[in-house]
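Chains as they are written, first to last, in our numbering: chain A, 1 to 347; chain B, 1 to 321; chain C, 1 to 266.
Hints were generated in silico from the structure; no laboratory data involved. Being a predicted model, the structure only gives us computed values, none of them experimental. A portion of the hints provided could be inaccurate.
Lysine-lysine pairs mimicking DSSO-like chemistry, simulated, CA-CA at most 30 Å apart [unchecked claim]: (1) 193/C - 128/A; (2) 193/C - 211/A; (3) 72/B - 153/C; (4) 153/C - 133/B; (5) 30/A - 148/C; (6) 153/C - 211/A; (7) 148/C - 115/B; (8) 38/A - 113/B; (9) 135/B - 190/C; (10) 148/C - 133/B; (11) 153/C - 30/A; (12) 38/A - 135/B; (13) 148/C - 38/A; (14) 38/A - 153/C; (15) 175/C - 135/B; (16) 148/C - 135/B; (17) 137/A - 190/C; (18) 193/C - 133/B; (19) 69/B - 135/B; (20) 128/A - 148/C; (21) 30/A - 72/B; (22) 211/A - 113/B.
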Amino acid sequence: MHMADALLSPAVGATLWTGTLGAIAYCTRKLRNNIDEKIIPLMGILGAFIFAAQMINFTIPGTGSSGHIGGGMLLAILLGPYAGFITIASVLIIQSLFFADGGILALGCNIWNLGIYPCFIAYPLIFKLLVKEDLSKSRITLASVMSVVTALQLGAFSVVVETLLSGRSELPFGAFTAMMLPIHLAIGLVEGFITAGVVNYVRSARPEIIKSTFDSKPLAPAVSIRKVVLTLGIAALITGGSLSWFASTHPDGLEWSVEKVHGSPELSSSETGITAMFEKIQTMTALLPDYGFRQEEGAEGTAGAKSWPAVNSGTSISGVIGSLMVLGTVLLIGLFIRSGNRSRAKG
Amino acid sequence: MSHHIIDFNNVHYTYPDGTEALKGISFRITHGESVGVVGANGAGKSTMISHMNGYLMPSSGTITIGDSKLDKTTLHEARRSVGIVFQNPDDQLFMPTVFDDVAFGPLNLGLPKDKVIERVNEALTTTGCFHLKDKPPHHLSLGQKRAVTIAGVIAMHPDILVMDEPASNLDPGSRRNLIDLLLQFRHSKIIASHDLDLILDVCDRCIVIGDGRIRADGPAREILLNEELLRENNLELPLSFQKREHKNKLNSTGGNMTELEKLKHLLKHWMEHNEAHMKTYTEWAEKADGLDRKDISDILRQIVEDSNKLNGLFRKAEEII
Amino acid sequence: MSAFNPEYFNIGHLDTLSYRHTFVHDLNPVIKLIVTLVFILLVVSFPKYEIQGIVPFFMFPLFMIIAGEIPAGVIFKKLLVVSPFVLFIGIFNPMLDKEIIYRVFGVPVSGGWISYGSLIIRFILTVSSALLLIATTSFPGICLALEKLRVPKIFIVQLLFLYRYTFVLAEEVMKIIKARNMRSFGKKGKDIKSFISITGVLLVRSIERSERIYQAICSRGFDGQIRLLKDFRLRGTDILFALVTISIFIIFRKYAIADMLGGLLI
Ligand SMILES: Nc1ncnc2c1ncn2[C@@H]1O[C@H](COP(=O)(O)OP(=O)(O)O)[C@@H](O)[C@H]1O
Ligand SMILES: [Mg+2]
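Starting from the given sequences, assemble the full structure and let the hints guide the process.
Following this line, the structure appears as structure tokens:
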């Protein structure tokens, strides 16, 4: 399930983007260091292959409706964690641009949700451990299903957390989780068996392909568990830090969801240190707009607070007229430029 | 210092899965020659071509490009001098626009930016693709794709141009353009193809490959008229000859092309060969001059003159027939 | 795995549009990317219950569609295809947040409906701006922009390969699907088993293709590095466009310009 821009707050979007960019930088460095040149076209082709495979629809068992695969775990298995992650990220970039799936801000979340978990959790901690040297059909099936299910559960759970932290949806934590996880368990099982089937097909048709993917170090360098833990720790730290800063500047975001989750809007005071620091950084960089922007409207979000437009309907009508004027002006400017396109094309 | 030579010496190649694709291939191709390589599907043409720039290394035997033996150390040099156009244009047009794709090779040669642009424009003009410059490959027709892949290779100014099935799936118009283009390229050419008419139009010499071995090697007109040899190798006479044969039947002048007619073709062919050689002798005479070896250049010029006389004799013989 | 919709994969149209030449198409891709990012960030930064302040932001997609000569229908269809998730998640807002916070001519409106409306507007704005970015900027242009923004080369290069071969493999898969549909009437042939074998064949062919591509790259002097001839100039128009659009966005984010303008008129 792809996260969408509309459900995100800038802080959550930016935080996940930071984590994702870090992971991309890390993976590209890894690849550069022990590059097998062959892998560059292979990554591109396998990414394109995922799209192609997504274009083939199949009937979902027991439902009669048709679906298509995600393919993240398949990429991780075929390419190894580093190249796999980069390829998944690229597939998602194309999806966000051409397919409008998610959006550009949510891309950070989507790469995180659909890339990090298969490549850096499911692959090293489940797939590799289960398969090891044993490339038998049943082993591959077991490992694929387990890792796809795990990766998807983590991804789905992340969607819940990201949505709640952004505070654009009213869905309570419990209900949202209870809705997302079972759906993704079912999806994961189907996708898991498909992934296993495809890997097994290649294994029997062209054993040397699967073998070389598994054996060759540059293609699938082993991920050390220590590093995974370390990376995730750092990621958690960054996330926690940004969230507390975010909490301090966005009363309608985290506080709201914390209220929903814990039943109390208060955050533990232990975080004020980091909060203060981030606040300072934010005033210095002023990258993200905060509530100072439209102070006259007061604090938003907390139920019952002075709400969106004043009850005086005069203001809102003037707002409608104003918006129409703005859009009309832009329309005229656009048409003017467009006529410029024409005369340029002729000239 | 000529790069324009390819020499295979008893080359064997076995694929990792055990398929013996080449079983002792030997030939030598020198400057200015244009050589057709024909053979049935799976004969080993593509495998042989993959050896010409070291993508595959022989299991045994040696390959010499220019004056150095092909191995890991000379790989780069070989790739600089041998330009290969592969069978499927989609596998070769990997950059997002035509311009980028043609620029890929020259950029790898380390040329400065303006030089690269110059080369790209020149190659695109030669192949008639200049107007496609900014298009993505997926907006091109097959014929256009093929022309762009050729542009991508000739932009690197290779000494030897190698093509694998350049005419497959082309419509007649595109095929004609391709032939004209190939005739323009003055360096050595090696063309693997099923399209024997194309070989007949473009090549002087022809090598027949069957089951990983060389079955015949000689003047194209001789080999491509040898029905028996072609049949043995699952090939057919070039269409242009089949038609002629057909006509002959209609005129009821007997079944096969007469020996005399064959000879006439051969004479024409020998003459073309001779002319090509004359060009080479002249070039070398100039080079010898440059090296201050007037003694050698004099002899070469003498050879040119004699070859010219030889041509006169060929022409005379042809006219009598 | 998710629901299947063929319209989702119709990328050819957008791609073809992106190679045109108009004022918008000819803008520097780095500039367009940055402006789009700023736009999206500002749109999603509006508080949950904001509607009036966001509406004027329709000016950006409107401008891109008109000046870039993009058929609005294409964008609209794509929006519809991907809307279900957001619509579904959002529909809980009116169900759960029933506090009346506003009256439109006396009719009470709950906070949930307002935040749902706001969500839908955000969805339309953010997704359409992403679509319009790609409809007015060729993908290679976007890759060059990413390179200018210091995204690692390896990443860019395989992204270019991905883009290039998406079209090649899409064509291949269309042939396979056609063959499948011809051979299997109705449901048969769309079961998971045959899906796996089709996908397996496609995968093996793709890997073999990548080997041939690697060979072609090598034979043109590939040495592990891919060099790009980038010649994107930053013109005065580009800088002006960025300055004007970004300042307008920020002003509209910061002040209720639409209200003021309307107020003047009334
Ligand atoms: N990658 C490969 N692995 C194993 N065998 C191969 C491979 N490529 C080609 N072959 C085999 O090598 C032989 C020669 O093939 P090829 O050189 O492609 O022939 P041609 O180009 O003349 O049609 C064939 O038997 C073919 O099946
Ligand atoms: Mg071949």
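How the hints compare with the structure:
1. Distance hint between residue 193/C and residue 128/A is fulfilled; the C-alpha atoms sit about 25 Å from each other, no more than 30 Å.
2. Distance check on the hinted pair: residue 193/C and residue 211/A sit about 23 Å apart at the alpha-carbon level, within 30 Å; holds.
3. Restraint check: the Cα-Cα separation between residue 72/B and residue 153/C comes to about 26 Å, which is no more than 30 Å; the hinted pair holds.
4. Restraint check for residue 153/C and residue 133/B: the C-alpha separation of about 23 Å stays at or below 30 Å, so the hint holds.
5. With a C-alpha separation of about 21 Å, the suggested pairing of residue 30/A with residue 148/C holds against the 30 Å cut-off.
6. A C-alpha spacing of about 28 Å is found between residue 153/C and residue 211/A, which places the hinted pair at or below 30 Å, so the restraint holds.
7. Of the pairs offered as hints, the one joining residue 148/C and residue 115/B holds, with about 23 Å between alpha carbons and a cut-off of 30 Å not exceeded.
8. Straight-line distance between C-alpha atoms of residue 38/A and residue 113/B comes to about 27 Å, which keeps the hinted pair within the 30 Å bound.
9. Of the pairs offered as hints, the one joining residue 135/B and residue 190/C is violated, with about 36 Å between alpha carbons and a cut-off of 30 Å exceeded.
10. Between residue 148/C and residue 133/B the CA atoms are separated by roughly 23 Å; this keeps the pair inside 30 Å, and the hint holds.
11. Among the hinted pairs, residue 153/C with residue 30/A is consistent with the structure: their alpha-carbon atoms are about 13 Å apart, no more than 30 Å.
12. In summary, the hint linking residue 38/A to residue 135/B is supported, as the alpha carbons are separated by about 26 Å, within the 30 Å threshold.
13. At most 30 Å may separate the alpha-carbon atoms for a hinted pair to count; residue 148/C and residue 38/A meet this at roughly 25 Å.
14. Proximity of residue 38/A to residue 153/C is assessed by CA-CA distance (about 15 Å); at most 30 Å being required, the pair is judged to hold.
15. Distance restraint check for residue 175/C and residue 135/B: the Cα-Cα separation of roughly 24 Å lies within the 30 Å cut-off, and the hinted pair is therefore satisfied.
16. Restraint check for residue 148/C and residue 135/B: satisfied, since their Cα atoms lie roughly 22 Å apart, inside the 30 Å limit.
17. Using a Cα cut-off of 30 Å, the hinted pair residue 137/A and residue 190/C holds, with the two alpha carbons roughly 23 Å apart.
18. Restraint check for residue 193/C and residue 133/B: the C-alpha separation of about 44 Å exceeds 30 Å, so the hint is violated.
19. This hinted pair does not check out: residue 69/B and residue 135/B have alpha carbons roughly 40 Å apart, beyond 30 Å.
20. With a CA separation close to 37 Å, the supplied pair residue 128/A and residue 148/C exceeds the 30 Å bound.
21. Our distance criterion of 30 Å between C-alpha atoms is met by residue 30/A and residue 72/B, whose separation comes to about 26 Å.
22. Straight-line distance between C-alpha atoms of residue 211/A and residue 113/B comes to about 42 Å, which puts the hinted pair past the 30 Å bound.
The structure shown violates the earlier hints numbered 9, 18, 19, 20, 22.
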